[in-house]
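Trainee: Read top to bottom, the protein sequences are chains A and B. Heads up: the first sequence begins at 1 in this note's numbering, then just goes up one per residue. Heads up: the second sequence begins at 1 in this note's numbering, then just goes up one per residue.
The set of hints was computed from the structure by calculation and includes no laboratory data. Some clues are possibly wrong.
Which copy? The list can't say, so a pair holds if one copy fits it or any two copies do.
Calculated lysine to any residue pairs in the SDA-like style (CA-CA distance at most 25 Å, straight line) [to be verified]:
id: 1; residue 1: 206; residue 2: 93
id: 2; residue 1: 206; residue 2: 194
id: 3; residue 1: 147; residue 2: 37
id: 4; residue 1: 206; residue 2: 193
Please read all numbers here as calculations on a predicted model, not as lab measurements.
Number of protein chains: 2
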Amino acid sequence: MTRIRVEGFTISLDGFGAGPHQDLNNPLGVGGTALHGWAMSTRTFQRNVFGTDGGQDGIDEDFAARGFQNIGAWILGRNMFGPVRGPWPDESWRGWWGENPVYHVPVFVLTHHARAPLVMEGGTTFHFVTDGIDAALARAREAAQGKDVRLGGGVSVIQQYLRQGLVDEMHIAISPVLLGAGERLFEGVDMRALGYECVQFVASEKATHVVLQRQGRNDA
Amino acid sequence: MTRIRVEGFTISLDGFGAGPHQDLNNPLGVGGTALHGWAMSTRTFQRNVFGTDGGQDGIDEDFAARGFQNIGAWILGRNMFGPVRGPWPDESWRGWWGENPVYHVPVFVLTHHARAPLVMEGGTTFHFVTDGIDAALARAREAAQGKDVRLGGGVSVIQQYLRQGLVDEMHIAISPVLLGAGERLFEGVDMRALGYECVQFVASEKATHVVLQRQGRNDA
């Protein structure tokens with residue numbers, strides 16, 4: 001059965017999932033890159049993102065790896081796909097990840113501005129969804145063919161799915177950095193009232209990893 | 001030199017330092033007691049709070065113990081002292097801690113309502129300060145006689161001192177619980193702009209412990 005999962009979403013000690021002033025040079029906002037120190041050195045990220053054979057095993061690697069296991073489709077907010085705002089001026093922006101993106105499955109990008117699907121190398125196709133989060137989820141679920149759907153973010157996309165009770169499981173990493181400002185993951189989302197609880201809590205030297213599940217939804 | 005320290009202040013995964021609906025039966029708000037699981041079983045808490053010889057050593061104990069080291073005075077918000085709101089109806093409320101409170105030093109309670117000092121057993125005297133946080137700090141600093149001043153909380157008191165740049169060091173514990181609502185420690189406080197950084201990050205099975213310092217203020 002398809003589950004809706006957030007994986008490897010990292011927040012700062014003060015609760016922010018991205019820094020302020022996101023742009024081409026700061027895709028995660030100012031200071032946002034420091035959030036992901038735990039992930040960068042893992043074997044999974046070295047292989048999937050940087051195309052190298054290096055990287056480390058351990059707690060951080062375990063969580064990086066699980067984020068790619070049994071994923072049949074992704075959903076991304078438009079700002080995760082790129083820095084372009086408003087109507088697409090042309091089709092030149094093809095994502096942050098080069099011609100062979102890290103996904104290797106269909107990716108549904110939430111946007112208010114229509115655009116033709118973008119077929120990349122390695123099995124990734126970006127589909128641009130203009131009719132809302134429910135439509136995106138329905139299409140992602142179908143594309144996943146029984147595997148899970150991973151919600152990539154950003155913060156506002158995750159919040160929208162959380163508030164509708166649609167997220168089955170979240171892996172959150174808490175990094176030892178302060179961002180001071182930005183988008184707060186749990187702003188205006190009452191996780192307790194929504195039925196979530198912490199089912200795993202383990203730390204490396206670089207991050208604390210927590211897994212949150214909706215009660216009664218652990219039906220994988 | 002006297003330093004102003006926050007010690008053992010615990011927040012939930014979603015960033016709250018206390019649950020909602022604080023009252024006599026829920027001094028930490030609904031769900032707030034679960035925050036402090038890491039502290040309850042430590043040797044320091046067993047001895048200082050419960051008066052027993054038991055308790056465990058380890059990471060949690062190390063942080064519990066440091067919270068009482070070199071403390072010459074405390075500052076508490078009124079809600080930390082008790083559930084009474086508004087003018088004191090009488091002097092019958094003498095704190096949550098019985099006749100021999102855990103402090104054993106002068107404690108300065110911030111309130112809008114004057115009350116005579118309350119001398120307890122074991123060296124604790126509660127002084128009620130009605131002329132604001134600067135006055136409370138000046139009196140606490142003098143009373144501490146060169147030792148440090150510990151800011152006990154709650155959230156709004158800590159925020160007021162943080163915004164004025166008066167806190168030298170904070171030990172924050174992050175517990176594996178969700179509160180969903182309540183008072184968020186870092187709400188409206190830009191820790192990065194204020195010059196704080198994380199200088200220690202270590203976890204037990206029950207909590208992640210972080211130490212934040214203001215840059216250039218590590219002058220102990």
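Trainee: All hints are to be evaluated individually against the structure, with a verdict given for each.
Mentor: The hints, checked one at a time:
no., hint, in the structure
1, 206 x 93, "neither (33 Å within a copy, 45 Å between copies)"
2, 206 x 194, "between (29 Å within a copy, 23 Å between copies)"
3, 147 x 37, "neither (29 Å within a copy, 37 Å between copies)"
4, 206 x 193, "between (30 Å within a copy, 23 Å between copies)"
Violated hints, listed in ascending order, are 1, 3; each of the other numbered hints is respected by the structure.
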